[in-house]
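> Each chain, letter by letter, is given below.
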Amino acid sequence: MAILNVIEAITHALDLEMSRDDRVVVFGEDVGFEGGVFRATVGLQEKFGVKRCFDSVLAESAIIGSGIGMAINGLIPVVEIQFSGFMFPGYNQIVTHAARMRNRSRGRFTVPMVIRMPYGGGVRALEHHSESLEVLFSHIPGLKVVIPSTPYDAKGLLLAAIRDPDPVIFLEPKRIYRAFKQEIPDEDYTIPLGKAKVIKEGADLTVVCWGAMVRDVQKAIEPLEKEGHSIELIDLRTIAPWDKDTVIESVKKTGRIAVIHEAAKSYGPAAEIITAVNEGAFLYLEAPPKRITGLDTIVPLPKGEHHYLPDAQYIAQELKSVLTF
Amino acid sequence: MYFKSFNPLDGEQLQIMNEHGEIIRDDLMPDISDEDLIEMYKTMLFSRVIDTKTLQYQRQGRMLTYAPNLGQEATQVGTIAATRSTDWMASAFRELGAWLYRGAPLYNILLYWYGNEWGMHMPEDVKILPVSVPIASQLQHAAGLAYASVLKGEDDIAIGYVGDGGTSQGDFHEALNFAAVMNTPNVFIVQNNQYAISTKRSQQTNAATIAQKAIAYGMPGIQVDGNDIFAVYAATEEAVKRARSGGGPSLIECYTYRLGAHTTADDPTKYRDNEEVEQWKKKDPIDRLKKHLIMKNLWTEEKDLEQIENYGQYVKSTFEKVENSGLVPLEDVFDYHYEKRTPELERQYQERKAYNSSIGS
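Residue numbers (the working numbering), protein chains in the order written: chain G, 1 to 325; chain Z, 1 to 361.
Calculated from the structure, these hints are not laboratory results. Just so you know, even glycine gets a beta-carbon here, dropped at the ideal spot from N, CA and C. Careful: at least some of the hints might be erroneous.
Residues from chain G that face chain Z, not an exhaustive set, calculated with beta carbons under 10 Å [what the hints assert, rightly or not]:
no.	residue
1	Ser19
2	Arg23
3	Arg104
4	His139
5	Gly304
6	His307
Simulated DEER-style distance windows between Cβ atoms [as the list claims (entries may be wrong)]:
no.	chain 1	residue 1	chain 2	residue 2	range
7	G	Gly107	Z	Val277	39 to 45 Å
8	G	Lys51	Z	Asp31	31 to 37 Å
9	Z	Asn206	G	Ala179	37 to 43 Å
10	Z	Val333	G	Ala271	24 to 30 Å
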């Protein structure tokens with residue numbers, strides 16, 4: 001057992017998989033010599049050589065596009081986009097090619113590739129460094145979108161993503177990269193994609209969240225539980241395809257749901273989840289479902305960011321309104 | 001030798017055979033067997049017949065939008081003929097001659113343009129990526145395919161095709177830059193057919209040639225007469241050899257002309273005059289090679305007519321098969337997004353299936 005934070009768990013998973021499978025190649029801007037701006041790939045170039053772990057040219061479309069070609073020709077590229085806000089030049093490749101190659105070629109060519117990106121706010125960053133863009137990928141047929149919330153999950157989900165036969169967008173909540181550590185088994189384990197984790201069971205309210213928000217939500221529900229409310233907390237883990245059955249079954253039990261995410265509210269992931277609940281468990285609902293989210297604004301620079309991100313106090317207040325409706 | 005002698009910065013263009021099919025630079029002639037040359041010619045002719053017939057079908061309302069290749073046959077066949085069958089090919093959508101030479105079945109090609117994805121399911125031994133409708137993005141895949149070859153210790157190269165309009169895309173730049181930095185075994189072919197739909201080459205780039213762009217990436221570049229199959233083949237052969245032996249990527253600008261429309265949805269008479277088209281018709285790559293073959297006693301007008309007739313019959317019967325291929329079943333729409341259907345896709349499939357049975361379809 002090692003005690004690791006999220007970023008160390010990611011490095012550990014990459015190391016493990018590169019050792020196990022020599023088809024795995026890791027590249028992106030600064031990921032080779034320096035080990036990435038967040039050091040997720042530190043030591044990999046030294047261990048596996050410059051051919052399997054290298055600094056790419058500064059070009060997101062080239063990173064993703066060449067990765068697609070490598071995947072078709074038998075490699076398993078795990079590429080890093082330095083910040084998810086920089087993925088737009090490569091978005092064309094993700095959407096028009098990575099997501100469609102299997103369909104377009106009727107299974108003749110596939111893209112078993114992982115595109116890793118740090119995402120989300122709360123780290124006092126520059127413009128374009130704080131957005132939560134999971135829905136931009138989740139809406140695209142052919143992609144899978146995964147977000148870990150703990151070091152344990154980061155390892156298990158990343159290993160599953162690399163072994164997945166289809167392209168996976170692996171979004172890393174950078175706010176919790178180094179926020180806490182956890183004991184992680186040294187051995188190989190995977191966490192199935194598409195399966196949510198019920199962090200704790202409860203009877204009065206279903207709360208769905210993921211990524212860095214999980215910790216804020218855990219903090220928010222503490223006082224509510226002390227007041228006697230019983231809350232079921234679900235970490236979605238995979239945003240696409242998401243675990244609809246677990247969420248709907250939970251709502252059938254609790255009769256209430258709130259979805260919490262950093263992404264902007266309108267057309268966000270919460271809208272999808274709540275719509276599915278309306279379709280699947282409408283008659284069980286005892287209160288209107290609630291979205292607790294970022295604003296429909298551009299994420300403010302650090303001096304204004306506290307207005308944007310839902311914090312534990314705000315979450316608690318909003319959850320209370322659902323519980324007491 | 002070709003790349004060194006024909007510097008695109010000096011505005012030089014490699015030409016070996018003139019418009020009358022005569023060899024004007026015997027010293028530069030590539031070594032192609034008569035058998036291979038006839039095969040190349042026949043593929044060009046086949047491509048022309050397919051285009052002609054398909055355009056007829058389209059006008060009869062039997063075919064969807066189609067992108068004809070008329071006038072670019074030498075560029076396509078000459079380049080692919082210089083590669084080998086284990087090499088990879090990443091093309092755009094106007095590469096009929098190259099697809100045919102590489103073994104893409106006509107049935108597949110027509111099926112694709114007819115509106116069925118199975119057309120792009122190539123046989124296992126045909127290493128051609130599916131049609132890329134987004135412009136120039138396929139060159140990135142070519143770079144990745146080539147890098148993977150190196151990493152796997154294979155000596156296959158990847159040839160990528162793009163039009164002159166595609167050279168304005170960021171992906172053109174990124175792919176060439178990546179390939180040059182990584183020294184990948186790539187050959188990038190620009191089919192400069194003078195128009196990107198209606199936008200003229202002169203409005204596409206202010207550079208005197210497209211080939212000279214190679215210099216900025218740190219790779220060899222050359223402009224060739226794209227209607228002269230010997231020039232096209234010779235340059236590609238040299239570039240392929242360089243790539244395969246670890247010398248890195250090259251850029252070849254094939255200076256040619258699209259005699260037809262961009263696609264059947266387009267009317268080129270609105271943006272170019274007939275005089276220009278007539279001038280280029282005199283440089284027709286197929287007429288040119290035919291004259292050469294006849295001069296060498298390798299071909300006759302009778303054989304030509306016979307071949308055109310045979311190809312015509314084959315296209316007709318293949319197209320009829322395509323027309324009878326019917327609609328794709330519901331499963332087909334769901335089955336190729338992921339290796340396994342997601343639970344939600346399975347739900348949507350079951351719903352749609354139930355609906356279809358309820359209406360008896």
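> Look at each hint and say if it fits the structure.
Evaluated hints:
1. Given hint, Ser19(G) at the interface with chain Z, is violated; its Cβ is 16 Å from that chain's nearest Cβ, farther than 10 Å.
2. Because the smallest distance between the Cβ of Arg23(G) and any Cβ of chain Z comes to about 9 Å, under 10 Å, the interface hint for this residue holds.
3. For Arg104(G), the interface hint holds, since its Cβ comes within 10 Å of a Cβ in chain Z; the closest pair sits about 4 Å apart.
4. With 10 Å as the threshold, the beta carbon of His139(G) stays out of range of chain Z, its nearest partner Cβ sitting at about 13 Å, so the hint is violated.
5. Violation of the interface hint for Gly304(G) is found here, the shortest Cβ-Cβ separation to chain Z being roughly 32 Å, above the 10 Å cut-off.
6. Residue-level restraint check for His307(G) is violated (minimum Cβ-Cβ distance to chain Z is 35 Å; threshold 10 Å).
7. Between Gly107(G) and Val277(Z), the C-beta spacing of about 42 Å keeps the proposed range 39 to 45 Å intact.
8. Hint check: Lys51(G) to Asp31(Z), Cβ distance near 35 Å, so the stated range 31 to 37 Å holds.
9. At roughly 52 Å, the beta-carbon separation of Asn206(Z) and Ala179(G) lies outside the given 37 to 43 Å, and the hint is violated.
10. As the Cβ distance of Val333(Z) to Ala271(G) is approximately 25 Å, the hint placing it in 24 to 30 Å holds.
Of the numbered hints stated above, those contradicted by the structure are hints 1, 4, 5, 6, 9, listed in ascending order.
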